[in-house]
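For the record, the sequence lines run as chains C and Z. At position 26 of the first sequence the residue is numbered 14 (the working numbering), and the sequence of numbers has no breaks. At position 465 of the second sequence the residue is numbered 543 (the working numbering), and the sequence of numbers has no breaks.
Hint data in this document are derived by calculation from the structure and do not stem from the laboratory. Certain hints may be false.
Unchecked claim - Some residues of chain Z that are not near chain C, with every Cβ distance over 12 Å (derived):
no. : residue
1   : 276
2   : 320
3   : 335
4   : 336
5   : 406
6   : 435
To be verified - Taking lysine to aspartate or glutamate pairs in the DMTMM-like style, the calculated list, with each CA pair at most 25 Å apart, reads:
no. : chain 1 : residue 1 : chain 2 : residue 2
7   : Z       : 274       : Z       : 197
8   : Z       : 115       : Z       : 126
9   : Z       : 274       : C       : 76
10  : Z       : 337       : C       : 42
11  : Z       : 351       : Z       : 317
12  : Z       : 274       : C       : 166
13  : Z       : 299       : C       : 298
14  : C       : 169       : Z       : 197
15  : Z       : 579       : Z       : 560
16  : Z       : 337       : C       : 35
17  : Z       : 274       : C       : 42
For each residue, glycine too, the CB sits at the ideal point set by N, CA and C.
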Amino acid sequence: MRGSFWVKRLAQLLITVFGVTFGCSLLVQLLPVSPAEILLPVGSPEERDLLTKEIGLDRGPIGYYAKWLGEFVTGDFGDIYYSGGTEEVSGRLATALPRSLLLMIYTQIVALSIAIPLGVWSAYRVGRRADKVISNTLFTMSSIPNFAIALVLVLIVGVRLQWLPTLDYQPFSAGPWEHAKHMIMPVLSLSVGLVASYTRLLRADMIATLREDYITMAASKGLSDRRVLWRHAFRPSSVTLFTSAALNMGGLIGGAIVVETIFATYGVGFEVFAAISGRQYIALQSMVAIICIFYVLFNLTIDVIAGYVDPRTRDRRINA
Amino acid sequence: MKHLFRGGRRKVAAVMAVALVASLSQVAPSSAAEKPKSGGTLNVGIFDSFPGYCMADNLANSALMAGRTIYETWVEQRADGKIVPYVLEKVENSADFKQWKLTVRDGVQFHDGTPVNGDALVTSIQSGRGALTLLGRAPSPGTAGGFNANIVDVVKVATNTVQVNLYRPQVDFLETLYASGRNFVRAPSQILGGAKCSTTPIGTGPFKLVSTKLNELVVAKNPNYWREDANGTRLPYLDGITFTFLVETASRVSGLKSKSLDIAMFTSAGEVKQIKDLQKNKNLTTILSAEEYYPSIWMNHRIAPFNNKNARVAVSFAIDRADFVKVRQRNFVAPATSIVGPNNVMYNEKGFRQYDLGKAKEAVAAYKAETGKDLEFSFPYTAGSTESLANATQIQKYMTAAGIKMNLLPLTTAEIIQRAFPQQFQAMALLLMEGTGTAFIAPFVISDTSGGNQTHILRRTPLAVLYGILNLSAFSDTTSEELIWQAKATANAQARAKVYKRATEVLQSEARMTTISYLKYALAYRSNVKGVGELGLVNGGDRKLMTNFGIDYTGVWKTGK
């Protein structure tokens, strides 16, 4: 039974990845002009013919996709085309992907570290002053876009107080503090909205869970509130929270473009933007595929985690 | 018209004169008393990205500034506008200005250790005119092919000397060789390097490539650089520079204020508010270029409606330039009074149509009478850019007032360029023309930059399109074109200027294109940056302190943090 669950999930994952990447490759085929003309605007007809063959555009939609996929799975993500040469997309992604992944991981750690205690506390004190203060504050926070928070942080923390640099990215190898200094403001900008969203999700689930009979039973057995909250209520209430976090992880890889631009962090989001504005469709296709793979992998991971956190979920899915 | 200018032409001229003097007199505060210090790195914020470094990858303005730390040019422009040898030692020309002998300076070497000599110069010129592309040895020269189309041949006559033969006499050939700072001294290993031409810049400049991406260029000191300062210290002083593309103006401003950046560059095209704010900041020094950049509205003569003169005249009359400068550019620059600015040799107010709503409406009516159609056209702006949209909307307002329907077309910058050079739009705004001379003006207003040379090397090839590709309005005007070639053959400077001005008058009378205002560029730097504009040219004379490609970093040094 469990084996068929995994087969089904993996099949779904592969179908999603194939669907997205094939859709992208069809878009390249459906362009009103030849991609070779776009990629080599000042090239000769011979150079364009050569490029058309090299990319596989002369093989029809299926042939083109098969060629692209064959190269993609071997780590050849295609090239970025200049008037005087090419650059490998994999080289660009090798720089951009770690930045985006770290930004996403730090953002999730910060957001969850704040949202979980707040959500639990808010549900425990539901209807009381603490709950109202937290709920209203979060409502306000969720309405502020992350770029606005970024600009305010830049103005206050960067320009006025001059505590942190406002631009650039430094890898961990440049020193932990140097790395952290450049990540704090981008991470905070992206975290604020997530804290609000996560806390509200957890609060709602916790309130429902705290009304369950087994919670009343646990409390009547004389267990401490803390133990009831964290051992008995939090675990089953956290499935929605972690599912939402997983979806956001996928989204943050390619979707933090505004914050990446403001702080000049330049991760995958910026590369996608650059590929779109430079009409580098082959590079774009590979980048979308990478984002898609991360997206479905995070979802699969959260499915597995959800099964362990709340066995009822796993059983429901297996039975389904 | 007078009441709109609030004081008439005299006042406008006075304002322009003050602005001109102010811009020309902008000098960096001297740090001459301090002894230059070697070492340190700079972080520089710029507003253009790095699309590549091969001949056709035209680096724009602030990215050009960065590129010029790696590359130098065969000749350089002095502050007074004169073009003088730089990596070249000597230049000689025949009496008819059709043969030019260029001698390379001894002892200069590329970053890959190879010498700069006659062979390198031949490779550079041949690649720039497309000859090596035809042989399959180098990528396409791109628009450079159009700039260099008057060259018939180039031959090496000594180890370090080459002779360039021209089809038409050209007094200002050195301006073409300079190409407004864009004709780099590239190593043959780069030009002939195949797929790496765009990604591996190899020049002779004071800095060498460390790494480059679309949004960043990192350069480090070239230890074998050929120039020394007056005290015999080998240049450059800095250990390295990181140029970062920061599309958001706010990021560049906050970067300077938070000390994340040492230097940042800005343009008056859409960043006037920030430039004015920086000028007030006591911790920063802000320098400005002269108003020598002339963004034009190009009207495509090949297709309707601008294949009709009345349509072009109507648009030219309809634009309230003084209002545009006030509303969109906070009176930071001057409204246009000619298709080029007062510093340019072609400047001439005759034939230039100033704002006149009545005459615009008359021309619209004449267009309808002739064609039976309402005057309507589409106009692209950069999608996602609020500044570009605001500028286009402002122009649309003027058109509506004159009874012209202007449809706004959101496109990416790449799409705009894509459509611009095959001349596929009806009208568009694009900054192409610049400078005091004509090397960066003439190719945009000439239909055949080979001068009609029927045996030109590209004539029977697909690259022949490059002769006229820069003429964005896609017109052929034998009168103005012949005047320009005639001026180029005239040795006497005053007589030459007169002929150029007549050409401008013809272009303006026919409303080939129009201009709304002129542009300038700004560069702001922190107090720890020293030596800006203090290092002269190798043969004496100063460079221009600030241009569209910023400043020269060879003599810049850094103090403290």
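Tested hints:
With a minimum CB-CB distance of about 3 Å to chain C, residue 276 of chain Z fails to clear the 12 Å threshold, and the non-interface call is violated. The Cβ of residue 320 of chain Z does not lie farther than 12 Å from every Cβ of chain C; its closest approach is about 8 Å, which violates its non-interface assignment. Taking the minimum C-beta to C-beta distance to chain C, about 4 Å, the non-interface status of residue 335 of chain Z is violated against the 12 Å cut. For residue 336 of chain Z, the non-interface assignment is contradicted: its Cβ lies about 4 Å from the closest Cβ of chain C, within the 12 Å cut-off.
Non-interface call for residue 406 of chain Z relative to chain C: holds, since the shortest CB-CB distance, roughly 23 Å, exceeds 12 Å. Interface exclusion of residue 435 of chain Z from chain C stands, the closest Cβ pair being 37 Å apart, more than 12 Å. Simply put, residue 274 of chain Z and residue 197 of chain Z have alpha-carbon atoms about 21 Å apart, close enough for the 25 Å limit, and the pair holds. A distance of roughly 30 Å separates the Cα atoms of residue 115 of chain Z and residue 126 of chain Z; the hinted pair therefore is violated under the 25 Å criterion.
Among the hinted pairs, residue 274 of chain Z with residue 76 of chain C is consistent with the structure: their alpha-carbon atoms are about 11 Å apart, no more than 25 Å. Taking the CA atoms of residue 337 of chain Z and residue 42 of chain C, the gap is about 47 Å. The hint is violated against a cut of 25 Å. Proposed proximity of residue 351 of chain Z and residue 317 of chain Z is contradicted: the alpha carbons are some 33 Å apart, above 25 Å. Distance hint between residue 274 of chain Z and residue 166 of chain C is unfulfilled; the C-alpha atoms sit about 33 Å from each other, more than 25 Å.
For the hint linking residue 299 of chain Z to residue 298 of chain C, the alpha-carbon distance of about 60 Å lies beyond 25 Å, and the restraint is violated. Under the criterion of a C-alpha separation no larger than 25 Å, the hint pairing residue 169 of chain C with residue 197 of chain Z is inconsistent with the structure, at around 50 Å. Restraint check for residue 579 of chain Z and residue 560 of chain Z: satisfied, since their Cα atoms lie roughly 13 Å apart, inside the 25 Å limit. For a cut-off of 25 Å, the pair hint linking residue 337 of chain Z to residue 35 of chain C is broken: about 47 Å separates their Cα positions.
Taking the CA atoms of residue 274 of chain Z and residue 42 of chain C, the gap is about 17 Å. The hint holds against a cut of 25 Å.
Consistency note: the structure conflicts with the earlier hints numbered 1, 2, 3, 4, 8, 10, 11, 12, 13, 14, 16.
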